[in-house]
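There are 6 protein chains.
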Amino acid sequence: MIYAFGEVMMRLEAPQYQKLPQASSLLVSYSGTGVNVLSGLSHFGHETAMITKLPNNSLGAAAKSYLQSLGIQTGQSIYGGNTLGLYFLERGFGGRTSTVTYTDRSQSSFCTSQLDEFDLDSLDAASLIHFCGISLAVSAHTRKLTLAVARKAKERGLTISFDCNYRPKLWTNGYAEAQPVYEEMLRLADICFITEADAKLILGFKTTYLHKKEQIGDLLPRVAQTFHIQLIAGTIRAVKSVSEQTLIGFLVKDGSVTYSHMHHLHVLDRIGGGDGFASGVLHGLQTKMPPEEWIEFATSAGVLAHTTVGDSPVSTITDVLRLKQTLDLER
Amino acid sequence: MIYAFGEVMMRLEAPQYQKLPQASSLLVSYSGTGVNVLSGLSHFGHETAMITKLPNNSLGAAAKSYLQSLGIQTGQSIYGGNTLGLYFLERGFGGRTSTVTYTDRSQSSFCTSQLDEFDLDSLDAASLIHFCGISLAVSAHTRKLTLAVARKAKERGLTISFDCNYRPKLWTNGYAEAQPVYEEMLRLADICFITEADAKLILGFKTTYLHKKEQIGDLLPRVAQTFHIQLIAGTIRAVKSVSEQTLIGFLVKDGSVTYSHMHHLHVLDRIGGGDGFASGVLHGLQTKMPPEEWIEFATSAGVLAHTTVGDSPVSTITDVLRLKQTLDLER
Amino acid sequence: MIYAFGEVMMRLEAPQYQKLPQASSLLVSYSGTGVNVLSGLSHFGHETAMITKLPNNSLGAAAKSYLQSLGIQTGQSIYGGNTLGLYFLERGFGGRTSTVTYTDRSQSSFCTSQLDEFDLDSLDAASLIHFCGISLAVSAHTRKLTLAVARKAKERGLTISFDCNYRPKLWTNGYAEAQPVYEEMLRLADICFITEADAKLILGFKTTYLHKKEQIGDLLPRVAQTFHIQLIAGTIRAVKSVSEQTLIGFLVKDGSVTYSHMHHLHVLDRIGGGDGFASGVLHGLQTKMPPEEWIEFATSAGVLAHTTVGDSPVSTITDVLRLKQTLDLER
Amino acid sequence: MIYAFGEVMMRLEAPQYQKLPQASSLLVSYSGTGVNVLSGLSHFGHETAMITKLPNNSLGAAAKSYLQSLGIQTGQSIYGGNTLGLYFLERGFGGRTSTVTYTDRSQSSFCTSQLDEFDLDSLDAASLIHFCGISLAVSAHTRKLTLAVARKAKERGLTISFDCNYRPKLWTNGYAEAQPVYEEMLRLADICFITEADAKLILGFKTTYLHKKEQIGDLLPRVAQTFHIQLIAGTIRAVKSVSEQTLIGFLVKDGSVTYSHMHHLHVLDRIGGGDGFASGVLHGLQTKMPPEEWIEFATSAGVLAHTTVGDSPVSTITDVLRLKQTLDLER
Amino acid sequence: MIYAFGEVMMRLEAPQYQKLPQASSLLVSYSGTGVNVLSGLSHFGHETAMITKLPNNSLGAAAKSYLQSLGIQTGQSIYGGNTLGLYFLERGFGGRTSTVTYTDRSQSSFCTSQLDEFDLDSLDAASLIHFCGISLAVSAHTRKLTLAVARKAKERGLTISFDCNYRPKLWTNGYAEAQPVYEEMLRLADICFITEADAKLILGFKTTYLHKKEQIGDLLPRVAQTFHIQLIAGTIRAVKSVSEQTLIGFLVKDGSVTYSHMHHLHVLDRIGGGDGFASGVLHGLQTKMPPEEWIEFATSAGVLAHTTVGDSPVSTITDVLRLKQTLDLER
Amino acid sequence: MIYAFGEVMMRLEAPQYQKLPQASSLLVSYSGTGVNVLSGLSHFGHETAMITKLPNNSLGAAAKSYLQSLGIQTGQSIYGGNTLGLYFLERGFGGRTSTVTYTDRSQSSFCTSQLDEFDLDSLDAASLIHFCGISLAVSAHTRKLTLAVARKAKERGLTISFDCNYRPKLWTNGYAEAQPVYEEMLRLADICFITEADAKLILGFKTTYLHKKEQIGDLLPRVAQTFHIQLIAGTIRAVKSVSEQTLIGFLVKDGSVTYSHMHHLHVLDRIGGGDGFASGVLHGLQTKMPPEEWIEFATSAGVLAHTTVGDSPVSTITDVLRLKQTLDLER
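Chains P, Y, C, L, U and A supply the protein sequences, listed in that same order. Quick note: the first sequence, position 115, residue 115 per the numbering used here, numbers continuous. Quick note: the second sequence, position 180, residue 180 per the numbering used here, numbers continuous. Quick note: the third sequence, position 147, residue 147 per the numbering used here, numbers continuous. Quick note: the fourth sequence, position 105, residue 105 per the numbering used here, numbers continuous. Quick note: the fifth sequence, position 206, residue 206 per the numbering used here, numbers continuous. Quick note: the sixth sequence, position 189, residue 189 per the numbering used here, numbers continuous.
Just so you know, these hints were derived from the structure itself, not from any lab. Glycine included, C-beta positions come from ideal geometry on N, C-alpha and C. Hints may be right or wrong, so weigh each one.
[To be verified] Reference excerpt, derived from the structure (chain L facing chain C, CB under 8 Å, subset only):
hint: 1; residue: Q16
hint: 2; residue: Y17
hint: 3; residue: Q18
hint: 4; residue: K19
hint: 5; residue: Q22
hint: 6; residue: F93
hint: 7; residue: G95
hint: 8; residue: R96
hint: 9; residue: T97
Bound conformation, chain P alone (with noise of 0.2 Å):
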């Protein structure tokens, strides 16, 4: 059983490139970088929970039938309070670029709940827990409860699982007061989503290499090797249009990297990408891929996440495979 901690969001998303002014409806699922990677680990055929608290109203029971319908269970997530967090996308084309517009989310049942609401026993049905940098920036409240169910998850002997996921946005006073936090957060991890750009300005590493595959070897063994991170993954992502981008996946482990061949995407839906290859990544280490085949299988699984309607990757192993069998094909 594989679970994630975090807060689930309502996605409303004006349909066919209207800009929210011009939309009489909005299209709504529910989403969230823990759903997503769930999601992802679902479709491929693992057992998957959310932890996390849903208002104990109409739009938790949405959010709870939407996250089951993605094969996530619901059972171990508490229930109370009224609101969910929610943002709203408006898709771009061509030159004009997507917008995701954020409100208050402060009030939401799972930024005021408290530690104590949740059955920490639980914790001993999971071998692996995901968490994700956007719940230490929220606000000092989720920060402290993600860093203490992180660090009860690792007293049970659970693999933690972090995704970076830095947002400038959220961190009002910027590297500075992230630092000490993803520190501590990173000591606690197993495996971890980072860049060698996250290695420089959260974590203060130096480099004297110039470019991004030199860094990445430079600086990301030395990371796994100073916080005793058995694995570290992340994306080299080029981006020329709203919808054309390319994408290298990368591993770091034992001090080596492993990269996946470069793949050019057709964008249809950007985010939640980065937790399909996510997702295929925790795959990989559950079925004990080899490095070549593990990187391969991430970055497809993260490929095709951009292709898909919605945040969360729907795509199953036969997909996966279908979309590497199309590369090689094409070759």
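Fit chains Y, C, L, U and A to the given chain P structure using the hints.
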């Protein structure tokens, strides 16, 4: 020019009688009692403007555009913050009642606005300004703000219109908490939308009569006298089911009560029905209708507001007169 | 083969009981009394074709495809010009009546068509052709055209069916202008859809009876005799509200009147209800039903046409008989 | 844990009261009596799981996701084949009845499944399992399969619930063919949903009483005694029109009958109404309600299932109690 | 009059690039290679009719109405049974390929139809009849039926058109099973849609050439000669991604090959692209186009069929010529 | 305050790349070059109002509401008649071009309006008024009306902006008929949107240069001088396909030309692209931008107008600057 002061909210409705967990899209509109009353008046040909604070992002732009589409001016509103209050509507059917789910709105742009942000001089452009009891209830902050704006408007010679709209859930300490606040507001009001039940429960008036119309005749002229209110208006509603109801309107003026005939309502969209009636009352006031014609017009306006899509009334004078005519023919 | 002659119009409907200013999309279909009557007959298994002129562009192609989907042949129509008449429908609810908004159609392909454009020889393929009073009213041009086609059809031995469909708005000078035109058409007609009110108001017949059924029994056999009409049919409708009405059908043949029993209508889509009845009458004629069965069938066909989406009847014989059966069970 | 055994079908509904030839899109959901009963129970807070066979392709994945969204576990089902049974729904209006069109489902994954494909040991996890008479009727194969599963479940000590659901079209040789099959099933059943008409027609019981309630009181206790059934439940339905009906529920236990009061139904979606009642009965059983409260709860659950979208009940205990409360207020 | 013989299927498409488990509604249309080829021809102005068997229920009525809307006559088809074959389409995006899910169709009205149910005399009304290789593959029954109809048509002097459309999944024993069947069909055919790969794999022709165009030039004239086929046509497709492809058309006539120029395809809807090409080829045949103009027209028709919604081509001659003109301008 | 004078039209669009015969609903919006230019300006923060005549019915109310939603005031327009011009849009895909179908609009409220119906005194409230060449072309009546309004506006001291927008189909006698009309309008204009091709073809200017930029540099300063125009603006567009194009903007002022850099366009909605550019030019004029910044802003505004839904630009200044910034980053 007619103003309303209050909050603008996003309404998110599960379409086609779905419950929220069943909905993959939500109908979006922008509403509020002030918006609804002004929409009604704008469709009757009056110049109107909303005095509120909207977020300075896509949500604010969407709300602004929607208000403008109803014929309500938005140049007098202010913009800032990032959060709009919102509510979710699941329309009922048959014995299943409609449900409205509110989330926390204490951090909305309106609910965190300050008196000195508003350009009070712009009040001089209006002859009448409408307030709603919900603004008195949402928080101590909005209560203070609303009373302050009402006082400033009174000072500048505007006619003050006030709809009691008592919402039990919003007054933690019930009628005891509400009474002094309502009394303060009623002393400012020139026109008031109130029922005999409000007079008894909120204001503590006593009556020995048992029947509704007797109580109205006994209590409301005394309310008018006590608080120096020129005009009181309200409705008597009987609910047979979600979709079948009856409605009678009444006006209290110069100590006497004028009733409309009884309408048999087929309800398409219940929310905003009372605001439709209020807009009819204010239209009659502005155009100096004789009481019988006035209350028939206002009640017809209220009835039609139950038969159109959305909270905000969109019927024209022609529509109201056509309803009246149909009724005359059918008698 | 059964023909109808007349205009095809685009129907643009605001969905979900919206008013036109609320609608961001409109439901589109193609209609006309001729289309509707033929659609009904086609669904009863008859071969049908529309004689009209459609624009020679996407609009014409769309109308043609729609008629074909109803089972109406379009090879006998002609194509040219660029304009299709259209109307906008806002469906009412409860006390709010439906409204139909027409725009100018004087320049439509049909309204500017010339007699010699039509291949009159193709009339020989049909045994019956249906006309509508609206074609007599739209303009002096269409009036002349319609009468000319009717005369040609009569000469070629076709049965002439005519639905009076008097539209007050279209006759600038009222009944005085209409009377000679209708009289000319009635002299050509073998079957006529007309009511006792038409007989009095358009044709100037007098009666001393007060009740509807008495007037029908007095006036319509005299109309039949005067104009040598073999069959007159019509309905008695009572309107309780937009959605609740009653309907009785009648046939006048050989001087005597046969009535159907009274139907309680729940109205989904009012337009084309009369055409559904007409198609039932013509089906009974073609299949030589005995009068009682005939008028029951025709009235049931009319009733069903109020319960299906769109102007054009789409019920099969099975559907009509199932309605009758349900009624039998319920008595 | 509560199980149901049976087929999952795709429901394809022509939206907005359209007939199938008018529809350019169809609403899709996944249903079946088992699914519906479990959905009701899941919304009342019970753990539930479906025992069925789903295709091993996108259709199976879609059905699985849908069941999960209703809170029904799918890990106990098996996957294989490529075909899902399906049916088409055209909702009626007024006098026009709804029509359901079935296509051949003999080749569906469920209908071709074999007893030994199912993991019968997993039955031990459940305390109750629900069956439906349709599974007995679809084919000789499913009949045999269903009886075999019921026998195995009985052996393992599960409570057997059985809904007769006699479908005349599916029994080629009528009651004579059905009687021995139903008798065999009833001997296995602990709880049975059956009416006095079933007792007479399928089982051949005789009564001299004429009125429904008398027949229920005479026949159903004898059915219970004959087949050693602890609990019999059913409803009395009177149909005024497609949308207006009345419903009374009853329980037969220990030889005596308890009736609910009569509900006036406004029907939004007829299908699954009986399953809503059944889920209420089973909830009352699990929570040991006293008979009067029990039958009122179950009947309210059935009533609400007529007012929500889709076959599967989605009302919570709160919803059921709110309906009851509304009724109490209205008396 | 041009006929096609074969199955009509319901196409159910998940809208907006959704996967099936994400879709709450499905787009519905009716298709089949015969339908598609006839739709193309009908839009080019030819009279067409489908020879098939459709269910005698709402599904059959819907398919019939849809075919008629495309301009295809349905009076020559027969009606009975209750099942229509269907398939589900999930459109791909970027690297994610489209997937088509078929369910069992062995029990469909067409697949269970008998030769003697069809009115073979009606064949005399047509000058050409089109067949498809899928009908040879679905089952032994449809294979026999299709060959029998082709033989009857040949006897009555119709031109036989045949599209190989080899589907590996449908031939359990592969090419060995297919070869004698295809050979029998090719001996009946006057016009054949086939590629050099089909010649090698199905028919066992050998060539020493390596490049596609060389193989076409070597093999297909020999195929034509061997089976006495007057005209062979086909396309060379290169696939860069789901949406970007190239297409070249070719005609083999009197021993020589004529190629179109190469089109760069932007694919909206891949299915039916080949049928669009086939309809263009048959139009060129009927209108006796010179080979160069012919193959350019046919290839343009094929290209356009990839850019319109649905399987069935809906482009007019004007549309095809406009594409050609645009291309000329762009060179 | 900025005005535009001209026609408002209803735009009816077949959704999802459908052709008109495939569409069962049409997306509805209200448009026109004046509307589009004002919408752009309103989104940049300017007060704007449309001077037109709208029908006095639901259509007029809908158009009015739509304009208001874009931030355009409608109080200066007049109301009467019953007909609104309209056009149908079928969006192309790949090689299939978009098609626009116009119907006769000679009887529209605007096209039959008279000069003396308009309140010319209201012109004094504006500093600038925009006209479009289409108004000069639709009919002799609108031509006369447009020139008369322009003359009146000039007399009252407004800046006259004029977009040539030559439409070949609307000038029966071609350039010869257009030249004197355009010359008359250009003599009134202060700002003109025109290209080198217009200068040659409509106005008969000669040049010996061959390349576009050379011709612009040669011809347009002479046009400016000849007609005393202060500012000329236009774009150079290269079309690779329906969705891929390039765009360069230019300004001609004081005899010299300033170009923007070249934009690579991904086109979502082509119509109104030029109006987006015009609104950017007028915004630069009102805010006195330096030429280089001005033309970059205006061209970016034009580019964005191709990437948003609908004819009318809805981008804010922030949106335009974000596009510019993205471009800067990408260089």
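**Item:** F93 (chain L) as an interface hint toward chain C, with CB separation required under 8 Å
**Value:** holds (5 Å)
**Asked** Are R96 (chain L) and chain C close enough, Cβ to Cβ, to be under 8 Å, as the hint says?
**Response** Given a least distance of 4 Å, the restraint on R96 (chain L) holds.
**Message:** Given a cut of 8 Å on the nearest C-beta pair, is the interface hint for G95 (chain L) held or broken against chain C?
**Reply:** holds (5 Å)
**Message:** For the restraint on Q22 (chain L), tell me whether the closest CB of chain C is nearer than 8 Å.
**Reply:** Holds, because the Cβ-Cβ distance from Q22 (chain L) to chain C comes to roughly 6 Å (cut-off 8 Å).
**Asked** Going by Cβ atoms only, is Y17 (chain L) closer than 8 Å to chain C?
**Response** OK, holds: Y17 (chain L) within 8 Å of chain C, min 6 Å.
**Message:** Can you verify the interface hint for Q18 (chain L): is its Cβ closer than 8 Å to any Cβ in chain C?
**Reply:** holds (5 Å)
**Asked** Hey, does the K19 (chain L) contact hint survive, CB to chain C under 8 Å?
**Response** It holds, given that the least Cβ distance between K19 (chain L) and chain C is near 6 Å, below 8 Å.
**Request:** Tell me if Q16 (chain L) is really an interface residue toward chain C, meaning its C-beta lies closer than 8 Å to one of theirs.
**Result:** Given a least distance of 7 Å, the restraint on Q16 (chain L) holds.
**Request:** Closer than 8 Å between Cβ atoms is the bar; does T97 (chain L) clear it against chain C? Give me holds or violated.
**Result:** holds (6 Å)
The structure meets every hint from the earlier list without exception.
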